[in-house]
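Novice: Let chain A serve as the given structure and place chain B on it in line with the hints.
From first to last, the protein sequence lines are chains A and B.
Everything in the first sequence is counted per the numbering used here, starting at 780 for the first residue and increasing by one.
Everything in the second sequence is counted per the numbering used here, starting at 780 for the first residue and increasing by one.
It cannot be assumed that every hint is accurate.
It does not matter which identical chain is meant; a pair holds if it fits inside one copy or across any two.
[To be verified] With a cut-off of at most 27 angstroms between alpha-carbon atoms, the simulated DSSO-like pairs for lysine-lysine come out as follows:
1) Lys1121 / Lys1009
2) Lys909 / Lys989
3) Lys948 / Lys1020
4) Lys1091 / Lys843
5) Lys1199 / Lys1138
6) Lys948 / Lys781
7) Lys1162 / Lys1054
8) Lys1138 / Lys1109
9) Lys1121 / Lys909
10) Lys1053 / Lys1145
11) Lys843 / Lys1162
12) Lys1199 / Lys806
13) Lys1091 / Lys909
14) Lys1020 / Lys979
15) Lys1121 / Lys948
16) Lys1199 / Lys800
17) Lys1138 / Lys1182
These are computed hints drawn from the structure, not numbers from a lab.
2 protein chains.
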Amino acid sequence: MKAYQDMNREELMSLHTDLSKQYNNIKSLGLNLNMARGKPDFAQTELSLAILDIVNSHYDFGEKMEYCNYGILDGIPEAKEFFAEILETTPEHMIIYGNSSLTIMFDQISRGYTHGYLGNTPWCQLEKVKFLCPVPGYDRHFAITEHFGIEMINIPLYEDGPDMDMIEKLVNNDECIKGIWCVPQYSNPSGIIYSDEVVKRFSQLQPAAKDFRLFWDNAYIVHHLYDEHKQVLNILSECEKNDNADIVFEFCSTSKITLPGAGVAALATSLANKKDILSHMSIQCIGHDKLNQLRHIEYFNKVENLDIHMQKQAALLRPKFEAVLDIFNKELNGLGIGQWTKPLGGYFITFESLHNCAKDIIEKCKEAGTILTSAGAPFPYGKDPLDSTIRIAPSYPTLEELKQATELFTLCVKLVSVEKLLSQMN
Amino acid sequence: MKAYQDMNREELMSLHTDLSKQYNNIKSLGLNLNMARGKPDFAQTELSLAILDIVNSHYDFGEKMEYCNYGILDGIPEAKEFFAEILETTPEHMIIYGNSSLTIMFDQISRGYTHGYLGNTPWCQLEKVKFLCPVPGYDRHFAITEHFGIEMINIPLYEDGPDMDMIEKLVNNDECIKGIWCVPQYSNPSGIIYSDEVVKRFSQLQPAAKDFRLFWDNAYIVHHLYDEHKQVLNILSECEKNDNADIVFEFCSTSKITLPGAGVAALATSLANKKDILSHMSIQCIGHDKLNQLRHIEYFNKVENLDIHMQKQAALLRPKFEAVLDIFNKELNGLGIGQWTKPLGGYFITFESLHNCAKDIIEKCKEAGTILTSAGAPFPYGKDPLDSTIRIAPSYPTLEELKQATELFTLCVKLVSVEKLLSQMN
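With the rest of the complex left out, here is chain A (with noise of 0.2 angstroms):
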């Protein structure tokens, strides 16, 4: 297999011609295509039906009829139980939602805006307020702190974690600065893992504005797909060793351990954050859906439970992974057009393409029936400086339409290099 870059002119040359009729035909099958979104596909949400069925009108109540009325704000203990097992920390660091974290994100970043943290000015009085952004990253978590007005800096991020030299400078400098989006393991979408030394790195930090927090959105937490893994280590507990634990929001949820939509949600965070959040939540809630975090407690019963599901939701995944991963190494490997990452869990797959190409490869997979994420979604403002990031969510499609779509991908990441060589030639 020869490199594209070591290709004359007419070897490009007549590769193009090659491709484009390989690509011609697939057009012409009228695929309807979606490697987008991070969804659960169907035969994973059927896996947690049954936990519709546990809380029923022959459930015995007893004590917990009150879990069918008002009240009850910061969720019931079992669930605040459950969840601070598997963030590591204790039930009184923890609240518990309703079905989404990223609602529990923009609330929290709404509450800065506008009433500020622990008797901190509001953002919405101050000139400038920043965010730092580990790039690539979550667009939803990039969507929030636009719609804010909030100016989004961006960090590298390499295979331990974000360039914590650079946060580090930035943080404890600049009191412009109030937090930086966090998904410590299985990156979003780039699926690496924070090193202990990051982690520690973060706790550490001795920022310049007093209402810096750490968004921790620890998404995929228990999401590994190979049962030999790494657990990144705890930052709740990091922080308050360094007598640091206010600077730490960690979201997490079920939306991708049962059903997403129909999930619960939680935070854990210091004690006195919990208490200055209450205190908003308190006007703004009389309390989340209880009967739906009973329903997960019940279901799951312990921790141990939930990570045999959580095999159960891996045996499902991995196949996709690797049917993805098998067919760029066949179509992709040794043409020193692109790079891929091999993620141990969570949901996507990184595609890192020749520079100014990423674009162009997306717009062509549209074009012959194949929706990818948007080029720039995993960057703030959209923009992706080197247009070479793709992002590759393979849980969705059925494998065979995985399978189809990834080699579609392959074909328009040939036909996009070829084309991008061949014009730096001119």
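Specialist: Relative to chain A, chain B alone:
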């Protein structure tokens, strides 16, 4: 029965001795009763437990399997249809949310504050923002506007609705006034019903502020105590008739229909407002709990079944309201020391004591082990200018507890009134 005002000092003194003895007797019982919050009781929540059975793992999801996944931001079509029928509008005007209409209202205020409605200036950038508050009203409404530093202006609430002359004069001339809190059907706490005339005048407002909104909390729209009832005129269609569709946000929820905390909330508004709201919501969440929406639709199937269900609720509530009113009649009629509402629906009875007595009555009840809604709660900033309004919530205690609590209450009314009259003789 002699009115207290017609008694001379000796009569009042003797009465006081007698009432004090009765009070001390009750106090020694060590009661632990609560008439503070409008919570359904055990029997009411039990009435709806079968809602938990219908969407289970044997449910034939078919095409609705998507309801188990992310998405469908404005709610499932069946729910939009169902709530549209209740609110006498069409599904395209509806957004179906999670479990709490209070949270929708909070979000709407918060969005006015952070982003503004339909391109208007966000309130956080304005010197002064004001809201009109018909009084007595709902403490949680006022808590939201207070939370955002919005100045609240009391508006008298009469038998047929708020003082429309005053509202028109204020709203049509002061562009700082951005909204009004309304509970049109069985107002919380006075239980009054807005007349057709009042609704029409609301729909014809010509606010100085382009972003003025009616926060139309139709919390008790189907919560009638008696089969015969008057229904408040449809605000949305009245506003549409007057080319004024954008001035209303109408809210409702099933919290006091099925299970509080595990219900479904909804908003109806103009198409322009809906589009504006969804553009913000798309940043805030991926979708609400669609399975709980489905649960509600499957449980009721038709609005007629909901009406039958509400008749069962009424059968549980009516004896409680009537027990309170009977005791008020028996104990207080003709004494000239209080007036009370005889609501035809909703969750509250309002008691009006002599001026400057409400706080003392509530305190006396508390000392004898019975909690009432805090004095002043039905007013902005918790300040009842006459210190005379007391909200009675008959729903939560058992009938026996309620009778005990009401007996104690009437005794405290007598005792405090005698003391007040005596103090005025000094």
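Novice: Hints broken by the structure, by number, lowest first?
Specialist: 6, 9, 10, 11, 13, 15
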